[in-house]
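Construct all of the structure, not just a fragment, from the sequences and the given hints.
Note that the protein sequences, when read in sequence, are chains G and W.
Following the UniProt record's numbering from start to finish, the first sequence increments by one per residue and tops out at 205.
Following the UniProt record's numbering from start to finish, the second sequence increments by one per residue and tops out at 205.
No lab work stands behind these hints, which were simulated from the structure alone.
You may find that some hints are simply not true.
Below, in silico cross-link-like pairs of lysine to aspartate or glutamate (DMTMM-like), each with a Cα-Cα straight-line distance of 20 Å or less [said to hold, decoys possible]:
1. G:Lys197 with W:Asp171
2. G:Lys159 with W:Asp192
3. G:Lys197 with W:Asp165
4. G:Lys35 with G:Glu118
5. W:Lys152 with G:Asp201
6. G:Lys130 with W:Asp195
7. W:Lys197 with G:Asp165
8. W:Lys35 with W:Glu53
9. W:Lys197 with G:Asp160
10. W:Lys61 with W:Glu71
11. G:Lys61 with G:Glu71
12. G:Lys159 with W:Asp201
13. G:Lys26 with G:Asp175
Short derived list, chain G residues pointing at chain W, Cβ under 8 Å [as the list claims (entries may be wrong)]:
14. Ala155
15. Ile168
16. Ser191
17. Val194
18. Asn202
Using C-beta positions, here's what the derived DEER-type ranges look like [claimed, not checked]:
19. G:Asp146 with W:Ala32: 44 to 50 Å
20. G:Glu91 with W:Gln107: 37 to 43 Å
21. W:Arg153 with G:Gln107: 47 to 53 Å
22. G:Leu173 with W:Arg153: 44 to 50 Å
23. G:Leu173 with W:Phe57: 47 to 53 Å
Owing to the predicted nature of the structure, the values given are computational and were not obtained by experimental measurement.
The beta carbon of each residue, even a glycine, is placed where N, CA and C say it ideally should be.
2 protein chains.
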Amino acid sequence: MQKKSRGGIFVISAPSGAGKTTICKKILSRNANIKQSVSFTTRKPRKGEKNGEDYYFVAQKTFQQMISRNEFIEWAEVHGNFYGTSRKKFEGLVSSGFDVILDIDTQGARQIRNSFSEGVFIFILPPSIKVLRERLQDRKSNTKKDMQRRLKRAAVEIKDYNMYDYVIVNDILGDSVKKLEAIITARRMSSDRVDPKWIKDNFLR
Amino acid sequence: MQKKSRGGIFVISAPSGAGKTTICKKILSRNANIKQSVSFTTRKPRKGEKNGEDYYFVAQKTFQQMISRNEFIEWAEVHGNFYGTSRKKFEGLVSSGFDVILDIDTQGARQIRNSFSEGVFIFILPPSIKVLRERLQDRKSNTKKDMQRRLKRAAVEIKDYNMYDYVIVNDILGDSVKKLEAIITARRMSSDRVDPKWIKDNFLR
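This is the structure:
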């Protein structure tokens, strides 16, 4: 029934500390047909992060070359580091029929919005600024200056929430995962994914 | 967070025999916050049908008066009988915050599409024409002529599938119910249901 050739595209953004990474990890562990597009970045790996799994860690020079060769479908600079999604890796997943999650910031989301009209855009919010502050405080690596910078940036990103199709307020993790799954399931039912030929052959002759 | 004042509007159409009524009944029994708008009709009650529950059964004359008083948000003639949704009853449910299911035909759906832009439109298909035929045969009340008429009408309705936002192929009942629930859940996350004042008060000052 479905046009099997392409999977769905799900762009997910959130201010740092909203819980986006945890939600995405849960979704991926529960759904074999959903994949996350691994971003390239110039930032240094944090403890426990693996190359090719969390990110592709590359040098600034390599990243700049990839930009000039138009190898990214989106890229952005955040807190002095670069992040980008490889066109080749992304297209490889989508054209294999996987539903693909892009975990990117609002700058990147805007670029995808302009070039992939079939994308579904989801913004994740913390339940309140108080909770966001608490969650950022729990990350021990954050200095006070770091924290101020993240909160300031959070406000800038949250202002963009209505560029997105959906908003999930991440209060209880399990609920948020189910809500994101519902959005992905619904998208699979979208009438523009039905093959007109299947309708014709099956019902109209 | 949500604009609580209005519920969602879910318009569901399907050719006779696709299983729409069964799916809707399941959804309603599982979700107290979803209500079905009971239609008015001029057709005679079938065995077991209750006035005010399955339909409001009214005389042709009453129905015509309601049309002339603009009391329907949609109405249609199907197989010689009239069916319509009362504006008052419908608005009563939506403005109380219930998500409301309208179980109506494609003619009615088109009228709602023009007047309620926030509506979500769902078309239910049988897995094949063969299954549709079998399901219609199982309904003992159907004469052969009746069956021909229903199949002909099914083809006309199915041609309109791409007027709808979503298509559910009703193969396994339990799956179809879950898919419809996912569509309703997703709609609740829609970014246009977020109160901008809530965003401002909570995050941007």
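**Study point:** 20 Å limit on alpha-carbon distance, applied to hinted pair Lys35 (chain W) and Glu53 (chain W)
**Key:** holds, 11 Å
**Study point:** Beta-carbon spacing of Arg153 (chain W) to Gln107 (chain G) - inside the hinted bounds 47 to 53 Å or not
**Key:** Given about 51 Å between the Cβ atoms, the range holds.
**Study point:** Given hint Glu118 (chain G) paired with Lys35 (chain G) - CA-CA distance at most 20 Å
**Key:** The hint holds at about 17 Å.
Practice item. So, Val194 (chain G) near chain W? Judge it on the closest CB pair being under 8 Å. Key: holds, 5 Å
Exercise for review: Compare the distance between the alpha carbons of Lys159 (chain G) and Asp201 (chain W) with 20 Å, and conclude whether the hinted pair is satisfied.
Suggested key: holds, 12 Å
**Study point:** Proposed proximity, Asp201 (chain G) with Lys152 (chain W) (alpha carbon, max 20 Å)
**Key:** holds, 16 Å
Check your understanding: Measuring from the C-beta of Ser191 (chain G) to each C-beta in chain W, is the shortest one below 8 Å?
Key -> Constraint on Ser191 (chain G) satisfied, holds at 5 Å.
Check your understanding: Per the CB criterion, is Asn202 (chain G) less than 8 Å away from chain W?
Key -> holds, 6 Å
Practice item. Assess, step by step, whether the Cα of Lys197 (chain G) is no farther than 20 Å from the Cα of Asp165 (chain W), and give holds or violated. Key: holds, 18 Å
Check your understanding: Taking the beta carbons of Asp146 (chain G) and Ala32 (chain W), is their distance inside 44 to 50 Å?
Key -> holds, 46 Å
Check your understanding: Are the Cα positions of Lys26 (chain G) and Asp175 (chain G) separated by 20 Å at most?
Key -> With a Cα-Cα distance of about 11 Å, the restraint between Lys26 (chain G) and Asp175 (chain G) holds, given a limit of 20 Å.
Check your understanding: Keeping to a limit of 20 Å between CA atoms, is the pair of Lys61 (chain G) and Glu71 (chain G) held or broken?
Key -> Distance ~14 Å between Lys61 (chain G) and Glu71 (chain G) Cα, so the pair holds.
In this structure, none of the earlier numbered hints is contradicted; all agree with it.
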